[in-house]
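Protein sequences, first through last, are from chains S and U.
38 is the number that this note's numbering gives to position 38 of the first sequence; each next residue is one higher, with no gaps.
199 is the number that this note's numbering gives to position 85 of the second sequence; each next residue is one higher, with no gaps.
Don't take every hint at face value.
In silico DSSO-like pairs for lysine-lysine, Cα to Cα no more than 27 Å straight-line [to be verified]:
no.	chain 1	residue 1	chain 2	residue 2
1	U	115	S	49
2	U	127	U	171
3	S	58	S	69
4	S	22	S	49
5	U	171	S	49
6	S	49	S	77
7	U	115	S	58
8	S	69	S	22
9	S	69	S	49
Everything labelled a hint here was simulated from the structure, so no lab data went into it.
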Amino acid sequence: AQSVAQPEDQVNVAEGNPLTVKCTYSVSGNPYLFWYVQYPNRGLQFLLKYITGDNLVKGSYGFEAEFNKSQTSFHLKKPSALVSDSALYFCAVRDTGATNKLIFGTGTLLAVQP
Amino acid sequence: KAGVTQTPRYLIKTRGQQVTLSCSPISGHRSVSWYQQTPGQGLQFLFEYFSETQRNKGNFPGRFSGRQFSNSRSEMNVSTLELGDSALYLCASRADSAQETQYFGPGTRLLVL
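Work out the full structure, taking the sequences as your base and the hints as a guide.
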């Protein structure tokens, strides 16, 4: 069965420092991977996706993610964190087979301190 | 383009009642999926509709149902509400079968008392 793991419940980083939010996956076949962000009392906002091609994917708001097949990871990164980046981040993988269901990780709360 | 809209945004019901939530996808999008978000279970897939047909269903009891109309708007219904149905219900739309990205609405927060 497909699954996604986000090993950190919370990541703390100082404003201006680089940030990494970790995600590992387990799928059969080629993974379709996504990152979403959720601000308080809001829905999920799409950040970026990896389907195929370059292992480094660039997304919205300066975020990028690196797909690593050998480590089955898809970590979210940003070179310089902003206080406004503080939010809940979800990694997701598209289920395989005749379905477009997304399987989500448990989420990582990113706290950026000024 | 306007994003995915969901109504109502907030809802309070009592156990045993039923509720209907509505979702309007991004214009031109034909696929609508529903997810339930709770602190304990996280984000879980409920079902997906494409061109008025249910394509996939998650592992939820039959009290949870949905439908999609010819204009792609979708509704989900929960009958005989239980306390555990309290959650944020998220709707996501996707253009078509070739489009991988799902775009989410703001959600409907349901509280069951």
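Hint check results:
no. : hint               : result
1   : 115(U) with 49(S)  : 21 Å, holds
2   : 127(U) with 171(U) : 25 Å, holds
3   : 58(S) with 69(S)   : 17 Å, holds
4   : 22(S) with 49(S)   : 15 Å, holds
5   : 171(U) with 49(S)  : 24 Å, holds
6   : 49(S) with 77(S)   : 13 Å, holds
7   : 115(U) with 58(S)  : 22 Å, holds
8   : 69(S) with 22(S)   : 14 Å, holds
9   : 69(S) with 49(S)   : 15 Å, holds
Hint compliance for this structure: no hint is broken.
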